[in-house]
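Here the structure of chain A is known, so what remains is to put chain B with the ligands in place on it, guided by the hints.
Residue numbers (numbering that gives the first Met the number 0), protein chains in the order written: chain A, 0 to 245; chain B, 0 to 255.
For the record, the hints were derived by calculation from the structure and aren't laboratory data. Treat the hints with care, since some could be wrong.
Claimed, not checked - Heads up, simulated BS3-like pairs for lysine-lysine below, C-alpha to C-alpha not over 25 Å straight-line:
#: 1; chain 1: A; residue 1: Lys110; chain 2: A; residue 2: Lys78
#: 2; chain 1: A; residue 1: Lys18; chain 2: B; residue 2: Lys190
#: 3; chain 1: A; residue 1: Lys61; chain 2: B; residue 2: Lys253
#: 4; chain 1: B; residue 1: Lys253; chain 2: A; residue 2: Lys24
Stated by the list, open to error - A few chain B positions that, by computed beta-carbon distances, are all more than 12 Å from chain A:
#: 5; residue: Ser36
#: 6; residue: Leu134
#: 7; residue: Met159
Beta carbons are placed, not taken as given, at the ideal position from N, Cα and C, and that holds for glycine.
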Amino acid sequence: MREVLTANNLSYTYETGKKKVEALKGLSFAVNDGEIFGFIGPNGAGKTTTIKLLLGILISQKGELSVLGKSPTLPEARKSVGYMPEIANYYRYLTPVELLTMYGDIFGIEKKLLKARINELLRLVDLEKESDRIMGTFSKGMMQKVSFAQALVNDPDLLILDEPSSGLDPVARKNMREVIKSLRDKDKTVFFSSHELSEVELVSDRIGILNRGELLAVGPVEDLLGEKEEGQTLESYFLNMIEREI
Amino acid sequence: MKAIWAIASVMMRELVRKKDFYILLIFLLALLGFLSSQSFFNVEGISRYIKDFGYSLVTLFSFIIAVTFTAKQMPGELESKTIYPLLAKPVSRHTIILGKFLGGVVISSISFVLFYGIFCIFQWIGGTGNSFMLLGQGFLFGILFLCLVCAIAMFLSNIMTLGANITLSVLLYIMISGFADSVRDSVLFSKGITSVLGGIFYYLIPHFEFYDLRIRITHSWDPLPGWIVVAVALYTCIYCFVLIYFAGLIFRRKRL
Ligand SMILES: Nc1ncnc2c1ncn2[C@@H]1O[C@H](COP(=O)(O)OP(=O)(O)OP(=O)(O)O)[C@@H](O)[C@H]1O
Ligand SMILES: [Mg+2]
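Isolated chain A (complex conformation) (with noise of 0.2 Å):
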């Protein structure tokens, strides 16, 4: 099995004037071909951090990381990498059709081709009626689906979704988790943080857990509660392991 992403002793601190914030401390995990994998924490814990590293938005002061085969600072390595951020923000004045065409231009993908996979992009995230809507109108969820929809423009091989579900209605979110799942069976390799535990356990192959900049556990959702008694869930497994560090 190909690894997709590595971190090898991964560390970030933040200074901001005197003020130094170690967002990360000596961080270690790989990710292989055609999992998804969960990547929980609580608020502060250095989920968006890693990611920020993961995309070379952030250049790591420590330790090394490796995505498709490529450091994250090479503007090629993130050729076939989609990325859905955690604040789902866009040009207000463009309409969902004019943002993922810039997108698809940046990727360089050819006009036809672009142009049918941004028509069946909006059909998936099911905002079909709102393609030509100016998006200053938009509100939260549709925001976040327009996000969901920019992060598959360039059918990526990986995929980084930070907090993907935040703002979505239980039926967005039932979507979305299928689309993640039929990823999957196309050999994509998915990357996601979240705090919603329950949704972790209901796509992830494999989680980590990430407390104030370390990991505290990786491994498949099974064996990790497989440590724990019958019935427990990845709720008091998660609140019992970050209870414990305190």
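What follows is chain B with the ligands alone, placed relative to chain A:
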């Protein structure tokens, strides 16, 4: 290249869908319309005045579009967090800066084409048109001027706030178009270290006055010799290249 253009073309939609441009357009039409209505009543010297005033207005309005739109691009991306999905695409930070700069140049040029076109039409109606050669040079210099303005605004937007950037851009424009000649003269007549420092200062400032053909157009003088046009074009290219290159370097080092 396609990526640069994709980033730039989004700004054109911004121009079309925001009010700023239309307000300036209506304002220009009203002012020029009012002035030329005066010429029908044969007010002495009004046609020359229209040329003088009209040319200044066209330059000023395109300058406003160039500065405001270009200056707000990077702060806007950072504030609205649209920069993150953009940075996650396979583009370097230099490409983003270049795309935004090009977008600023394209939209201010589109505005300029419209404004300048209106200005030429008013001249033609007034029967006081200039030679095509001179109007063509005025047009080319206008575009080059806007390139320089956009490059400065883009560079400054990476090192200061939006308000400071616009204020400094406007100040530079006013000071240099007004006083560059006095600076040159005082450098020429100064001695020692002041002469050296003044010389460096004079050569480094963006020479907006190079692009100003107002007097030439107002008095319908001969067009500029070709070598001056080429020299000014070269000057603009080098100045813009350096500014955009350093803007990219600064943006690359920025922690986001
Ligand atoms: N730009 C920044 N400057 C300084 N500190 C930061 C910055 N961004 C994040 N941090 C700090 O780094 C730590 C990790 O933050 P991060 O955003 O990665 O957490 P997270 O796991 O994504 O949390 P959440 O679930 O709330 O999104 C936090 O302590 C946070 O305060
Ligand atoms: Mg986060």
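Structure-based check of all given hints:
1. A threshold of 25 Å between alpha carbons decides the hint, and for Lys110 (chain A) with Lys78 (chain A) the separation of about 17 Å falls inside it, so the pair holds.
2. The suggested pairing of Lys18 (chain A) with Lys190 (chain B) is violated, with an alpha-carbon distance near 49 Å, which exceeds 25 Å.
3. Between Lys61 (chain A) and Lys253 (chain B) the alpha-carbon distance is near 18 Å, which keeps this suggested pair within the 25 Å criterion.
4. Pair hint Lys253 (chain B) plus Lys24 (chain A) holds up; C-alpha atoms about 22 Å apart against a cutoff of 25 Å.
5. No beta-carbon of chain A is positioned within 12 Å of the beta-carbon of Ser36 (chain B); the least distance is around 36 Å.
6. Chain A leaves Leu134 (chain B) outside its interface by the beta-carbon criterion, the shortest separation being 34 Å against a cut-off of 12 Å.
7. Under the 12 Å C-beta cut-off, the non-interface status given to Met159 (chain B) relative to chain A holds; the minimum distance is some 18 Å.
Hint 2 alone, counting from the list given before, is not met by this structure.
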